[in-house]
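Chains as they are written, first to last, in full-length UniProt numbering: chain A, 1 to 345; chain B, 1 to 345; chain C, 1 to 345.
Incorrect hints may have been included.
Said to hold, decoys possible - Heads up, simulated DSS-like pairs for lysine-lysine below, C-alpha to C-alpha not over 30 Å straight-line:
hint, chain 1, residue 1, chain 2, residue 2
1, A, Lys328, B, Lys4
2, B, Lys150, B, Lys97
3, A, Lys323, B, Lys230
4, A, Lys4, C, Lys4
5, B, Lys328, C, Lys328
6, C, Lys323, A, Lys4
7, B, Lys323, C, Lys323
8, B, Lys150, A, Lys323
Rather than coming from a laboratory, the hints here were simulated on the basis of the structure.
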Amino acid sequence: MTTKTNPGRFFEDYRVGEVIRHAVPRTIAEGERALYHALYPARGALYSSDMFAADCGLEGSPLDDLIVFHTVFGKTVPDISLNAVANLGYAEGRWLKPVYAGDTLRAESEVIGLRPNSNGTSGVVWVRTTGYDQTDQPVLSYVRWVMVRKRDNAAPACETVVPDLAAVVDPGALVIPEGLSFEGYDFTLAGEPHRWGDYAVGEVIDHVDAVTVEEAEHMLATRLWQNTAKVHFDATFREDGRRLIYGGHVISLARALSFNGLANAQMIVALNGGAHANPCFAGDTVRAWSEVLDRAETSVPGVGALRLRLVAHKGAPGDNTLKGADGKYAPHVLLDLDYWALIPQ
Amino acid sequence: MTTKTNPGRFFEDYRVGEVIRHAVPRTIAEGERALYHALYPARGALYSSDMFAADCGLEGSPLDDLIVFHTVFGKTVPDISLNAVANLGYAEGRWLKPVYAGDTLRAESEVIGLRPNSNGTSGVVWVRTTGYDQTDQPVLSYVRWVMVRKRDNAAPACETVVPDLAAVVDPGALVIPEGLSFEGYDFTLAGEPHRWGDYAVGEVIDHVDAVTVEEAEHMLATRLWQNTAKVHFDATFREDGRRLIYGGHVISLARALSFNGLANAQMIVALNGGAHANPCFAGDTVRAWSEVLDRAETSVPGVGALRLRLVAHKGAPGDNTLKGADGKYAPHVLLDLDYWALIPQ
Amino acid sequence: MTTKTNPGRFFEDYRVGEVIRHAVPRTIAEGERALYHALYPARGALYSSDMFAADCGLEGSPLDDLIVFHTVFGKTVPDISLNAVANLGYAEGRWLKPVYAGDTLRAESEVIGLRPNSNGTSGVVWVRTTGYDQTDQPVLSYVRWVMVRKRDNAAPACETVVPDLAAVVDPGALVIPEGLSFEGYDFTLAGEPHRWGDYAVGEVIDHVDAVTVEEAEHMLATRLWQNTAKVHFDATFREDGRRLIYGGHVISLARALSFNGLANAQMIVALNGGAHANPCFAGDTVRAWSEVLDRAETSVPGVGALRLRLVAHKGAPGDNTLKGADGKYAPHVLLDLDYWALIPQ
């Protein structure tokens, strides 16, 4: 038997400064859009109606921001995280241009940091990944870091380079899509009356709804993003016989649930950070709550930005415990995401 | 924790004559169409092939009539049935214009009736809901009535207004899509030879096929219509830990199964009434039978109308019991639907 | 109760030379394409990206070759295999023209062979099925033979006609899509560096990945191809209460898994043969391996052909046993498929 298959990269295969062009560009169209709405209870009017989007100055309803994120992320998996032990964090994520049905995305990652672990069996790899459309314009850029196994524990330790990353994307750096305007925004059609000024820093919103997750759903989703990590698909792979749900599935579920209370926080424009606090499995009932972390003006009059913490959990309704006394995430918490969204002022 | 979330309307929040504009308009395209065909064994040639539809005088294959129904219905849920105890009935439903991929739908409901229950804890609300396309032309109109809880049992009882509803849509009021013609209708491609004249009033057709329903399927479908009632998604919501399947899922399943025997009953043009007789849960095996209730000519030569009772059940193959001696639906009956369909003469 | 439903054809209903026009033509578009990528871990760059396909001389990314196969196959089920006891084999399959989103497919089958079984209760039917697009150009042709029950065991035996079928499609008969060129082929974007010349006859490739199958997935897929055989949908139909997974679902799963090692074997152009060795059920974890059976030049410089055996199984990782000492398929083998694919030289 020959090995023409991809074993994935190991820690010692990365070099700081190296740029990896990821495989399998992908044209995303109406079908992916419909599947997104079947897989997640997404109801943001800007992503549901061409007419609502046109009334907001866009050429039509863009593909959901997280479709772009998952597609770009999925491209990176065979090169970055096939041998990853853990997905450690995100930073400096910015959506740079709306993506529409028919656009073709590809991705590249630059290795921007490496730190061997003291146990000699693994290390941390930082990459800055950029997604490009068919005109080679960047549509999304973010930093992700993962712990990756070494192929050979005897391989010499590389020099440690830890990138200097912003704790939060500066509101001045948020990219407002060209033409976006909330002047003619119809709050009734959008589903809620709450504007930028109605949200107070520190305010916590319980999103009320819940979804019990099925195996078929998370596998359909993860395949759609061409994410091939076998832990999501092969029930014989983990010792407990359970398939781990792709962390991005939980992000999309929680974001969609947050419509109820944040219906007007229409566009995700930055990802400040995020932690997949505990694994999610089929059968879990996922709930979500949000905390308003900050508010900012943007370069466009009438368009405000909210910095939001989005927490997904599998605990009881209304349980908004985040961490225990030890500073660790409570065992029912699945996701702690920090992002900027655009909302009418 | 703040409550920016939508608690839904309660019985005392409705006023006769009030018009509710529902949130989240939706552009429906090729993706929703494909998902419909993946979720239901739909095979009507007019809804499967652009060429077949063109040969029938239409601009292309319209979206399935029930996609339009589910989408419009889904829009109403947050305003009408979030606090509903029961979905009691439908009447005077008419499809007014075919909907094509790329159209954008929104919905409005007028409250046309209110009746407080004598127990003082709930009441019946009648609404006439209309779906509109992007040109503000109506595409579907129907009456639905639901039993809704009161927020405050001490709230004063309103005046009772019970609308006068037609038992059956008059065949003269059926809207035949502009251009529709069955002159060049290809019965071989359609799948069956049976014409309007081949069906006798009183005739019962067992549709033979059956589908065992999975959780992932009904949740994908219900999300696709942006129907957010938590009883369909949250396995912790009901005491028995079971997710109730959206009644419309059963309608679409039964209608698709009815292809086998009614392949030429192509277009649904009216909904005379309907009852969700018993709840449906994942694991149930759904079967269907139809009864020809009436036949009518239409304004277009060659286009006939059949009034059909469509029954979905989870009983044994061939069991066409509808009601018991007590006049109540047999426990295996899920759906009793009464509609008009167009068929070549 | 009347029987307007289709009981399917029985063995004595077929005549050699007869041509059957199958029902329900189907327009396939972006939605079916997206669902294919959600249902199978398909990553062939030519079928993922319009730009990659354009760089290979095509007008855009065609629909996956197996979408065409499943759609055409699905059309034949009500006429050919509704009363089939077994799907016995395939031969002389050729893809004749790429199919694009928006094309409408229909199918015809010519009965080319009949052989009554000696037990008098069934017989073998050979059909050559051709799929046509909206311009009546053939897009796919293949021979399939099935064992079909007799309606009446006393029906007289017909004359035996066994067609003379090629064991392998001659490489000279492979149809290379008009304009196809691998001159500007980007191996990095395609995902692997291996060319035609890198594969040796006899080489075996274990595709490493695995997928545990869910009921909802195979039913969504099978419905999408409008395949109505009840054994796939009705859990009460078989005595063991299990739904048999459509054999084509296993073909697509295995083909998609074979990306890992055969990423550049982009286009399926011929089906030499195939056996559904054992049934597949939900819960099975499907793996795949391939064997290079032959290599051939084609009429287009730079475009080579590989003849591949694709085996799907539900055994342990790396188990590439095909048959036992008795010459029968090992019990864990699900599929043994023999096809030609195009690959850059």
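Structure-based check of each hint:
{"no.": "1", "hint": "Lys328/A <-> Lys4/B", "in the structure": "holds (29 Å)"}
{"no.": "2", "hint": "Lys150/B <-> Lys97/B", "in the structure": "violated (37 Å)"}
{"no.": "3", "hint": "Lys323/A <-> Lys230/B", "in the structure": "holds (27 Å)"}
{"no.": "4", "hint": "Lys4/A <-> Lys4/C", "in the structure": "violated (55 Å)"}
{"no.": "5", "hint": "Lys328/B <-> Lys328/C", "in the structure": "violated (56 Å)"}
{"no.": "6", "hint": "Lys323/C <-> Lys4/A", "in the structure": "holds (24 Å)"}
{"no.": "7", "hint": "Lys323/B <-> Lys323/C", "in the structure": "violated (55 Å)"}
{"no.": "8", "hint": "Lys150/B <-> Lys323/A", "in the structure": "violated (38 Å)"}
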